[in-house]
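Keeping their order, the protein sequence lines are chains A and B. Using the working numbering, you'd call the opening residue of the first sequence number 1 and step up by one each time. Using the working numbering, you'd call the opening residue of the second sequence number 1 and step up by one each time.
Note that these hints are calculated values from the structure, not bench results. Note that beta-carbon positions come from the ideal geometry of N, C-alpha and C, so glycine has one too. Don't take every hint at face value.
[Said to hold, decoys possible] What follows is a list of derived Cβ distance ranges for each label pair:
1) A:119 / B:12: 30 to 36 Å
2) B:63 / A:17: 54 to 60 Å
3) A:16 / B:115: 27 to 33 Å
4) A:13 / B:21: 42 to 48 Å
5) B:139 / A:216: 55 to 61 Å
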Amino acid sequence: MIVREFASDAATPPRWPWWCFVVGLAFVLIAIPAFTDISLQLDLSILFVLSLLALSMSFLWGYVGILSFGQTIFFGLGGYSYAILALNAGTTTWPFAAAIVLPMLFAGLFGYFVIYGRISDIYLSVISLVVTLIFEKSIRSTSGPEYVIGSVRLNGQNGIPGVPSLQLPWNHSIQLSIDGVFYLSGGAVLLVYVGLRLLLLTSFGRIIVGIRENETRMELLGYDSRVYKLVSFVLAAGVAALSGVLYAVWGNFVAPEMFNLNQAAQVVIWVIVGGRSTLIGPVIATGLVQYFSNWLGTVSVGQVTLVLGFVLLLFVLVFPRGLLPTIASAFGMAFSKKGSRFR
Amino acid sequence: MTAATPILETRSLEKRFGGVVAVDHVDFTLDRGELRCLIGPNGAGKSTFFKMLTGQIRPSGGQILLDGEDIIGLQAHAIGRRGVGIKNQVPVVMNGLTVRENLWLAARIGRKGKAVDAAIDAMADRLELGPILGRFVGELAHGQRQWVEIAMVAICEPAIVLLDEPAAGMSDEETARTADLVRDLNKSATVVVVEHDMQFIRQIAQTVTVFHQGRILVEDSFHNVVANPVVRDVYLGRQGLT
């Protein structure tokens, strides 16, 4: 059954339809710059970047059962770390890696206290949201000239402009062009998607899904759920940080808005709309929701946020499992006598 | 630890929830290889007692000695790894996963590679779960979910098996099969069963411990317990069971 191929907790290795899908996506990705203009490449690149953030959330929420409302902590930290390190160092290769590792270290520390402290999931959501808002407020209050790291002024709510584009690691004099950023962000989404999909098939992946399903039973069997949750949390933070770094590379700019409530809530919306029981659903939803938001902006609706909120309500009420699982179920019902259980 | 050391012992074990004493200074001894039944009215503290033994609830006081070693303060997973398995009163299973996946998560404790699948298949044969291995646990009937949970506990080959109402919601035939299974488990493990169904207890009991108001009221053979006027007054009489 083709739809089952996207059921990441089926614990069965993907078969040919899924691999065809992945290879097809890779070919489309490679071909796009040859047939499109720069403006579309830029638009698609930012969708890929944000899709990584959605993947980070859908993995953590959908497969580990942790709703980290403030996943933007690591998105923002990734972007700011890259900006500060790259501007100070005058090179981008090691700052790129360090800007992913640093948020992961912070996630390890934060996660250790909340997960080993047995903070319940709902409080973890609230605490992570509060932490991202603290980061936002703190950075907004760094407008003065005294807030300098190395030679880089933090600039408060104005953000840091002039963030360097990525240089080729083997030739620092060549910077990534627009199509280079397109390939990098698109390739990152594809690799992270495939990587997480395959990770869920490993013992580790099957155990975290078991923890999502029933943490008490897993503990009683002898699994220390805290270790698995913490590792997953750090891994998801790494994906969010990669998203933040690529965001900084894409726009050559970072700002406190990366941490704010609007950004944090959008990630949740992407995952709810796409369906958190899949990895690919939230990626598709990121594109749809962003496109819809942009369209609302161009037709002068005015209250874009209000309309988006209404759409989200509609989705929660009509498609509680999300768009992709609902469509897949409909296909399953149509093509299978027994119906389909798309998970 | 010597051969005479009880496999499990509690000393003055206590659990208070605010002003309510759920388990009140219980001294309980379980010898290796025993099949013990715990009975008592609802609210007598049996399930709380089980949850303390498995680290799900932290006791307010007292000691729990597993093979002579105090395990109070250990996390549930550490107690599980030391060979204490439990089937809770309400099935604690992964409803969103298949029966096979549930068993896999249990079977890989202490096993690797093909031994895991072999253990799953052997347990499925033993409990006749073969036809439902591919079904999602959440779609199964209550009795089947209980069997899945018992299978998950048994597949880990624990030294002590705690079964909290294993026959609840089962048909007469399923209850009889469960009694066979409990006796079978007892061949390789020490087993403690909490149950209200006295017919079921009659089939399996060696020694019966009666809980009442958080304390051990009586501990004796099945026939002596049934004949005990105090037990009849506080528990059996109310059930209409003799």
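Here's how the hints hold up against the structure:
1. The beta-carbon spacing between residue 119 (chain A) and residue 12 (chain B), approximately 32 Å, falls within the hinted interval of 30 to 36 Å.
2. Judged by the Cβ atoms, the range 54 to 60 Å given for residue 63 (chain B) and residue 17 (chain A) holds: they are separated by roughly 58 Å.
3. As the Cβ distance of residue 16 (chain A) to residue 115 (chain B) is approximately 30 Å, the hint placing it in 27 to 33 Å holds.
4. In this structure the hint that residue 13 (chain A) and residue 21 (chain B) lie 42 to 48 Å apart at CB is violated, the actual value being about 53 Å.
5. For residue 139 (chain B) and residue 216 (chain A), the hinted distance range of 55 to 61 Å is not satisfied, since their beta carbons lie about 21 Å from each other.
Comparing the model with each earlier hint shows violations of hints 4, 5; every other hint is respected.
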